[in-house]
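S.K.: Sequences are here, hints too, so could you generate the full structure?
This is what each chain is made of:
Number of protein chains: 2
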Amino acid sequence: MFESAELGHAIDKTTYKEREAALREALLAAQVELKRRGDFPVIIVLAGMPAAGKGEIANLLAEWMDPRHISTLAFDPPNDEEAARPPFWRFWRALPPKGTIGIVFGSWYADPLWHWDSERHQVQIERRIERILRLEKLLTDDGALVLKFWLHLSEDRLKKRLKTLEADPLTAWRVSKEDKHFLKHYEQNAQHAEQLLTRTNQADSSWRVVEGWDANYRALSIGQQVLDAVNHHLARDSIKQRRADAAPLQPSIDGVRLLDTLPLGHAPIKDYKQQLEALQGRLNGLVRDSRFARHAVVAVFEGMDAAGKGGAIRRITGALDARQYRVVPIAAPTDEEKAQPYLWRFWRHVPSCGRLTIFDRSWYGRVLVERIEGFATPAEWLRAYGEINDFEAQLDDAGVIVVKFWLAIDKDEQLARFKAREAIDWKRFKITEEDWRNRDKWDDYIAAGSDMVERTSTTIAPWHLIGANNKQHARIAVLTALCDAIESRLKRKD
Amino acid sequence: MFESAELGHAIDKTTYKEREAALREALLAAQVELKRRGDFPVIIVLAGMPAAGKGEIANLLAEWMDPRHISTLAFDPPNDEEAARPPFWRFWRALPPKGTIGIVFGSWYADPLWHWDSERHQVQIERRIERILRLEKLLTDDGALVLKFWLHLSEDRLKKRLKTLEADPLTAWRVSKEDKHFLKHYEQNAQHAEQLLTRTNQADSSWRVVEGWDANYRALSIGQQVLDAVNHHLARDSIKQRRADAAPLQPSIDGVRLLDTLPLGHAPIKDYKQQLEALQGRLNGLVRDSRFARHAVVAVFEGMDAAGKGGAIRRITGALDARQYRVVPIAAPTDEEKAQPYLWRFWRHVPSCGRLTIFDRSWYGRVLVERIEGFATPAEWLRAYGEINDFEAQLDDAGVIVVKFWLAIDKDEQLARFKAREAIDWKRFKITEEDWRNRDKWDDYIAAGSDMVERTSTTIAPWHLIGANNKQHARIAVLTALCDAIESRLKRKD
Chain A
1 MFESAELGHA IDKTTYKERE AALREALLAA QVELKRRGDF PVIIVLAGMP
51 AAGKGEIANL LAEWMDPRHI STLAFDPPND EEAARPPFWR FWRALPPKGT
101 IGIVFGSWYA DPLWHWDSER HQVQIERRIE RILRLEKLLT DDGALVLKFW
151 LHLSEDRLKK RLKTLEADPL TAWRVSKEDK HFLKHYEQNA QHAEQLLTRT
201 NQADSSWRVV EGWDANYRAL SIGQQVLDAV NHHLARDSIK QRRADAAPLQ
251 PSIDGVRLLD TLPLGHAPIK DYKQQLEALQ GRLNGLVRDS RFARHAVVAV
301 FEGMDAAGKG GAIRRITGAL DARQYRVVPI AAPTDEEKAQ PYLWRFWRHV
351 PSCGRLTIFD RSWYGRVLVE RIEGFATPAE WLRAYGEIND FEAQLDDAGV
401 IVVKFWLAID KDEQLARFKA REAIDWKRFK ITEEDWRNRD KWDDYIAAGS
451 DMVERTSTTI APWHLIGANN KQHARIAVLT ALCDAIESRL KRKD
Chain B
1 MFESAELGHA IDKTTYKERE AALREALLAA QVELKRRGDF PVIIVLAGMP
51 AAGKGEIANL LAEWMDPRHI STLAFDPPND EEAARPPFWR FWRALPPKGT
101 IGIVFGSWYA DPLWHWDSER HQVQIERRIE RILRLEKLLT DDGALVLKFW
151 LHLSEDRLKK RLKTLEADPL TAWRVSKEDK HFLKHYEQNA QHAEQLLTRT
201 NQADSSWRVV EGWDANYRAL SIGQQVLDAV NHHLARDSIK QRRADAAPLQ
251 PSIDGVRLLD TLPLGHAPIK DYKQQLEALQ GRLNGLVRDS RFARHAVVAV
301 FEGMDAAGKG GAIRRITGAL DARQYRVVPI AAPTDEEKAQ PYLWRFWRHV
351 PSCGRLTIFD RSWYGRVLVE RIEGFATPAE WLRAYGEIND FEAQLDDAGV
401 IVVKFWLAID KDEQLARFKA REAIDWKRFK ITEEDWRNRD KWDDYIAAGS
451 DMVERTSTTI APWHLIGANN KQHARIAVLT ALCDAIESRL KRKD
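Protein chains in written order, with UniProt numbering: chain A, 1 to 494; chain B, 1 to 494.
Incorrect hints may have been included.
[Unchecked claim] Covered by chain A, per the in silico footprint, the following chain B stretches (three or more residues, Cβ under 8 Å): (1) 210-218; (2) 394-406.
[Claimed, not checked] Non-contacting residues of chain A with respect to chain B, defined by C-beta distances greater than 12 Å in every case (computed): (3) Glu6; (4) Glu18; (5) Arg19; (6) Asp80; (7) His121; (8) Val209; (9) Leu258; (10) Ala267; (11) Arg417; (12) Glu454.
[As the list claims (entries may be wrong)] Facing chain B, according to a computed beta carbon distance under 10 Å, are these residues of chain A, among others: (13) Met1; (14) Leu320; (15) Asp425.
Quick caveat, the hints were computed from the structure, so don't treat them as lab data. Here the structure is a predicted model, which means the values were calculated and not measured. Built from N, CA and C at the ideal position, the CB exists for glycine as well.
M.R.: Okay, structure coming up:
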């Protein structure tokens, strides 16, 4: 893997000067086009041996191109806000928007790289590699250009480089204890690096190993590769087209659909008020339990318009301290959100430890309204199932309790509720043209919802399918399921 | 001040039940209209004595209204991200967008409230009060409805309340050491509170003192006040109109304008390359100085199109580590930014300690392009001068070094540069129709720029007016001024 990067590649100064000028001009031109098109981001991951020139390359790329549209993302150890959330939250919030370039240091590769020798961490490392593969797949599937450079130094050259740096009082500070430790266990570290690189090579995001010894060589080599890759990406057909070639789902052959089979009507509950109060008391106790401080809740509400999502949410929040929860209503994405992969706008609302976020509609819009209205291509919403499962698994891994509710009503009940709303002056705004249009697509929503439940109801994040023609029944069922989920998680030992 | 709030107000249960239903319905209706209009936020500040019901009121408001459009902002002690920036940064980033309601606990009033007795803090307290007045003025001038409630308890009632809470094992945890300390020094604390309330009363954001003893009374009282205030605010003429009544600035009587008087042409610099390298080395040394870790840099570039802002910025970034700086190009605001006061989109980019943010165009757009194109009303851009001075003073207070550059070229030079850009294929995108239109308004920009410098060049954040017909001269001058500013700040003892 590193053979070619130990050959002692070098470029003389004259050649460098000649080629640099042309390269720089071409890079600037490509960057202008990237910004103008604005339909994908470029993510450049810089990793490699110590003192192999990662920082220098980042500076040079920013110097060659227009620094206004480049962000350099250096991930230090997580700060408080980051440590209180799933590990990849900080990568998500730093993703460069479409049309710009992000240069990433100490990225998602930083942690696992240096601790392979610890037996204890083996499982985490495996998990991390899977996460990396999925993140990069998601990004490239979304159209991002992901370029990963590994700056390599042979053992001899690393030794020499560290010695030179240490000899000069102006650069001695750059050699850290970790660097020396790395050199001491060079062979083992190189093996681990090779393993990591091999296992995280993917068709659309493969590693490019570059020898880091000669500054001219590594600069021209990486600059040229960035240029070629960006131009190649720009030359493709529109990003959308490229991804639209997946076979759509077929309805079940006997026509039976999961969401048609739910019992919807329930008898009135005589002691509703008492039951509600008892459940709210239980919920309040659970989130004030000291064990809850290491957890968080993400609750998701989906269902037809007027299914009673808002009312159910208010029965939850009524039990909570307002400082502890946040309700996020999902409407059309803002333009900052449109410049990112679709999951970005949900990642940004992931709660920190001890808190609850309740989503009124959610990432499932991708496989419901966006599928039905054609806002997402078949390839996009088909891969969303897996991306969503992974997103929820990451939440679960970090101790976040994911609870998902599908509130089900029938068409008659919806009509009655629409009419009731229209009769009340200030509720009239809640019924829009769109609601009536959605109603015409009832069947499509049942089909898409059934596919959704089938593909995304998992042990860690099951769908609770709740008949909601009777509002009282729905609210009691929602609160019960939520309390049960929190309670069983608090009891779990992990 | 607190006389009426010690009368023992109370509302019986029957009256409460009757009035609550109507109030709730009216609040919901007002909230729907607020969201629909979407042209101002409601900011409800909850402060007061310990155990006077602040948390209960927040929960109740969220329960009465639609929690999806309410955010509850509880400010705990600053976390690392917040502590590395000016104190008000965390308030700015949490401001509720237009059309929504934010309920603020432990707000900008939290710190100064309890430490008035410390002589040592007197100056900070004075400073903080000024900041509060300015923040609230800015928010209300921008159309926000700011409602501040002080929940009061007399000494006897506070004593009784704490005793009751402590007696019940279920509520004993709610009584903190601070609460007891507060009670012990009740009289003094009440005096301090009165002083704070008096000094932070403003026409558009006055305090409303409410007795916190009886839960029914305080709930109805605050609910009704919120309702009336929101409805009153909704009933006004459009927010824009209300603010448009300020006398515009007059040009100077003798027609002499500051920015017309700058020397623009400079002789070529013979040893430009050496000078540039020396300055870049100096800059690099300054930002790696250990003292710089307690500071940060905000550099601002303004000037006519093609004045050489981008080139000057690249000469700065060329001296820096890419991980340490960020260049923020200011284009049209995103829709998330439009839902906030105009300074919000700059506050969000304020660097943390040890870092540099370089703005390519800036908040000065408010008094330049927005003034000239009529995007801001005269009242809006006229008050912007003071708001900007305050913003920069806050940066300076927090150790941020603010350096502002106006790069000046003449009309002939601009024309030559436009034409040169059009001749280069990939630079053609840099010249737009808008650039040509702006050129026609040259005189307006000179006038607005002159007014701007006159009103915003301060000792802590002076404008550097730099003749830029000669690019080399401009770059050397920019780097010199930047280095001087950092150096003198690092030497300053404070």
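S.K.: When the structure is checked against the list of hints, which entries are broken? Sort them ascending.
M.R.: 1, 2, 6 and 13
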